[in-house]
Every structure is written in structure tokens, then in C-alpha cells.
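Chains as they are written, first to last, in our numbering: chain H, 1 to 333; chain R, 1001 to 1333.
Derived by calculation from the structure, the hints in this document are not laboratory data. Here a beta-carbon is modelled for each residue, glycine too, at the ideal position from N, C-alpha and C.
The calculated lysine to aspartate or glutamate pairs, modelled on DMTMM-like cross-linking and capped at a C-alpha distance of 20 angstroms, are:
#1 R:Lys-1002 / H:Asp-210
#2 H:Lys-2 / H:Glu-77
#3 R:Lys-1002 / H:Glu-206
Sample of chain H residues at the chain R side, in silico, Cβ under 8 angstroms:
#4 Val-11
#5 Gly-18
#6 Ser-55
#7 Leu-192
#8 Met-229
#9 Gly-264
#10 Pro-266
#11 Leu-267
#12 Phe-271
#13 Thr-298
#14 Cys-305
Protein chains: 2
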Amino acid sequence: MKKLINAPDAVVREALEGMEHAYGDRLRISYDPAFIVRSDAPVQGKVGIVSGGGSGHEPMHGGFVGMGMLDAACPGEVFTSPTPDQMLEATKAVDGGAGVLHIVKNYTGDVMNFEMAADLAKGEGIEVEAVVTNDDVAVQDSLYTAGRRGVGITVIAEKICGAAAEERKSLAEVAEICRRVNGEGRSMGMALTPCMTPSSGEPSFELGEDEMEIGIGIHGEPGRYREPMAPAAQVVDRLATAVVEDLPYNSGDRVLAMVNGMGGTPLIELFVVYRELHRFLQERGITIERRLVGNYITSLEMAGCSITLLRLDDELTRLWDAPVDTPALRWGA
Amino acid sequence: MKKLINAPDAVVREALEGMEHAYGDRLRISYDPAFIVRSDAPVQGKVGIVSGGGSGHEPMHGGFVGMGMLDAACPGEVFTSPTPDQMLEATKAVDGGAGVLHIVKNYTGDVMNFEMAADLAKGEGIEVEAVVTNDDVAVQDSLYTAGRRGVGITVIAEKICGAAAEERKSLAEVAEICRRVNGEGRSMGMALTPCMTPSSGEPSFELGEDEMEIGIGIHGEPGRYREPMAPAAQVVDRLATAVVEDLPYNSGDRVLAMVNGMGGTPLIELFVVYRELHRFLQERGITIERRLVGNYITSLEMAGCSITLLRLDDELTRLWDAPVDTPALRWGA
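For reference, chain H alone in the conformation it holds in the complex (with noise of 0.2 angstroms):
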């Protein structure tokens, strides 16, 4: 196993480490139990916003810690689930006054352990409300899944509901939108190699010299069928037509459109996925008026791509483009 680490139960404490020495004048870390939350938490009269799960998605969710997206991050082990004392405390460390949100992907570890710690928190007279996110289209269930898997539209979710706090709405008009984007978000990946968890140093699947597995979850659960390799055209294709039937997007749809890469595909592959995208979104008479293309929900070095589409409004719109500063998503700050 080829890994640049030290050893592999040490890989999320001293990734921390480096994130703390890294971005120590914007964030802090807490180490026992493992959180990520901004260093002005808790703002006082802003809803808070927490995230978490396993780690090896990088830069979700802790490269999303920061004014304008989530207030605090918990990482889990490489692939597993952070515990729900976690994000018990990260949610009373991010608690302003105004209630926490918890947005969480739908995975069952995730999900239990989300909703252990609300129940605690409230105990402790926090308000909290939980969405769970579930975007993809590739499998009804899944090894780690019962419903659909949430991926990219977390992302998107954690930005546009980060938005949406720093101007002072409520708990419950946070988390109405995170809803909103949610319901008008679909997702679906591809792998053109496994990954490999520090722990198990094994792949995680095995795929064929000339396969690809469409419809990828990102610990490298099984998708909906396996293919000989193709042209980046057929395989955006796939992923988009699948997308786009699903919700579905509609001629005059105008939508943000995200090109993920999996953590080990080149940029320069990316921006041919998204040239395909375009295309074939043009050619359906939907509109990309909002892009993001690069690694932001990421599979440790998986090679592939997922794309995710969110239908916009005017509301939409306005809080994605709003000022974010954050290690991994910064602009207009």
C-alpha cells in the first residue's frame, strides 16, 4: 500500500494536526471528542451549521468549516461514521442562540448517530433540526444505505444553507432551503479505479483492466452496472441522462452544475467531463448558469467523476453566489 502517512489509525488525528497548523487563524480543532469549527463559533444569533462523516471525502466537510458555510465538521474514521458525542459537542460549540442545524448524508451509521446527538442536544436545551440529504440516483439502497445515498448536493446544501444563516434566517427557514436544494439537487458518480482505506490496504472493489462501474457510491459501493471503458462523451451520457430523467430537469431549467472528481482523476479530465456536460445540457435547452469543477466530495485516490445538478431560483442564486471563506470554497471575502 502506497499512502503518505505515518500509520494508518494516526491518518485523521494528524491530518487535523496539519489542518490546525494550516488554517489555526481561522479555525479550531478539537481532538477528543474530533471537531473542526470555526474560530469565532459560536456566533452569536446565527443559526449554526454542522456536518460530519467519515473521513477520505477531503475536502468535505472540513475544507467547508468557515463564515459563510458550516460552523463545524466532524470527521469519522477513513469511511466510517464520527460518533454522536462528536457532534454533540460540536453542536453545542456552534450554538449562537438561534439553533443548529444538522445536515447530514444519508448514510445509516451517519443518519443513527446524527440523530442520537440531537436528541441529546435538545436535552440540553438546543434547538436542532436535521436534513438528510440523499441526491443520488444510481440505487434505490446501497451496502451502507437504506433510500438513496447523499453525495454532491451536500456540498452545494452546505454552502447555499451557510449563506443563508449568515443572513440571520431561522432555524426553520434554513432549513427549508437546505430542503429546497435538497429536493432540487441529483447526483450519480463513476469509478474508473477503487481506493484503498489506510486500515484495510486492500481495494476496495476490483475492477476490470477495461471497466468502468457506473453509478459509484463514494466508499466504492457497488452502482448500477459495469461497462467497457468509453469516450468521456458516453460516459457524461450516462451519468446525465440518469441525472436529468430523474428529477427531471426541463428545457428552461436553469441549473448550478458540479464536475467532481473522485480524487485521483487529472483536472485537465474534469474540464473535458464538463465540456461534455455542457453539451449535453444545451442540448435539452437547460441553462449552466452556476459551475463548480474540481475535487470537493472526494473517494481517498479514486479515479472517476460525479455529477451533480441543482435546479436554481432567484433565491438560490443569490445565496450560492454570497461571500464564503472557507480553506477549500472562498470568494467575494
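Position chain R relative to chain H; hints supplied.
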């Protein structure tokens, strides 16, 4: 060969089309000859800054075009120098009457072609200065280079010179700052895996299952030596020792530190590397005052990392902090 492309000889052009669709509000793309230029170029009275080189190192250089950084970038085919006519046309497109700086990584083809372009531009009455970066301490000469290779410091020079040009410093002043950045900067990289150009379909070199290459070049050119895989702490000791002893950086120095991913390395590993670099420098009394952790100068899907240091003074720090608004680096704007 598993790549998200349509055809090997279409990759660069199609990725440019993707960039045009994604960033058409701020960048213009010329296809014949190929270059990427700020949409508001030429900026009257401002020194224009042009860089370029083979593709496959994204986001460098095209992702660094915009306010506060490059005015134009010339992408060659993958790992192949751009041609003098690309550089000449880019130079003409960004000349706002204050002259144009060429920032050139020390690779024989790049240097030769930029020299030719500069001569042609001067013949058309444009004042041109060129600065060749050569910060890679790994080897003296290399496969494509006489003298040291130009690597990570190029990214930092483009940012700092871009800020200097925005302040309306003269061509001589911006060129002097560029030479200073190169003079105060040193880098070294390593690889865990090779990469594969789309046209060759073969790995750029062979590396054993349990080996790494220390001092690798950004096209997979040989480095200093191979050795068995080792913990991140030891990898950083190898790279950082060579970097620090070369300038040398001394106790009391303030530095900008870049931990750069080669394209296929998960971000969580780069933060482990950053942790080790912080430790290494702290032990030597060297203070990291600014940092960059991520994929900035890549080698397609190669797994590995590089470390770059720049010794800071107040002026360089101020120019680094100045607003920048490009696809890949964006702050304060």
C-alpha cells in the same frame, strides 16, 4: 489506459473548451494558436504577465489566469512545450503598453520557444522581459533540462508578480521581484506512482510495488534516488532537508510553504505531509507565515507530493496577500 477523455489528440482542445464554458465570464480562449487570456486584457498601463508550458500540470498555468495573477497562459500538448506563435500571440493580447513579463519554467523547449517569442514580440515593438524559474534542488541537469528544473516556485512567482503588476509596478520592477522569488525559493518532489500521457498510453516510468522515487520531475523524469516506501515523516525529512540546506533557510527565517499534490494524492495525505513539514521547520526555528496545501502543479494522475519554500520579506508577504481572482486561486477579491 483509463482516462476520462474522448481521444488522446483532442484532450487539450476539449479541456480548453470546458474551461471556456466554465469561465467564459472572465476568461477568453484562443484556439489557434491556443492561449487563455483574461477577458479584460490588455489592461492599459499594467505589465502583462504570460506563462505557459506543457499541459497535464493543471491547474498550472491556465487556472492561474485572472486579476492579480497571469494575464495569459499558453498550454502545449500534454508534457510538450507550447510553440513560439502561441507565446507571441498571447504576448500581443496582453500588452497594455507597459511591457510583458514571461515567466518560464526551466525546460529546454519552453526556454527556447519563449526566447523566440520574445524576439518576435520585440520586433513588433513590445518590451519583453523573461525570468526562468529553476527552483528544483533534486538534480542539476535532467531529461529535458540543462540546469535545475523550474517547478513549484513558478506558481508562487505568478501570484506575487501578478500582484506587483496590479500595483502598476514597472516591467523592470516586476521582473526583479520575479527573480527575487525564484532566488529565495526552493522545491523538491517525490512520487509513489508514475503517470501516463494520453498519447503514449504507457506509464512514464516503472516503480516497484514497495518503492518511491525521491526528487522526481513533473514529467516523471528521474530524481535523486529510489528507496523503499517509508512513513510520511521520513519522506518529508528527505525532501525538506534537501530544500532547506540548499538555499539555505536558517533559524529565524519566515517562509511561505507549499505542500503540493502531484494529482493522484488524496488531500488527507497532503495534510499529514503538511503536519510533518511544520514539525520539521519548527525544529529548525523556521516559521511558516503563509501556506498553500493542495494540487497546484500536477503530473496528471501521479501520486506523490512536492514541497516548496519561499523566504518571505514584508514586500513579498504583502504581495502574496493581495487579492487574486482566478479559477484556482481566489481570495480577497
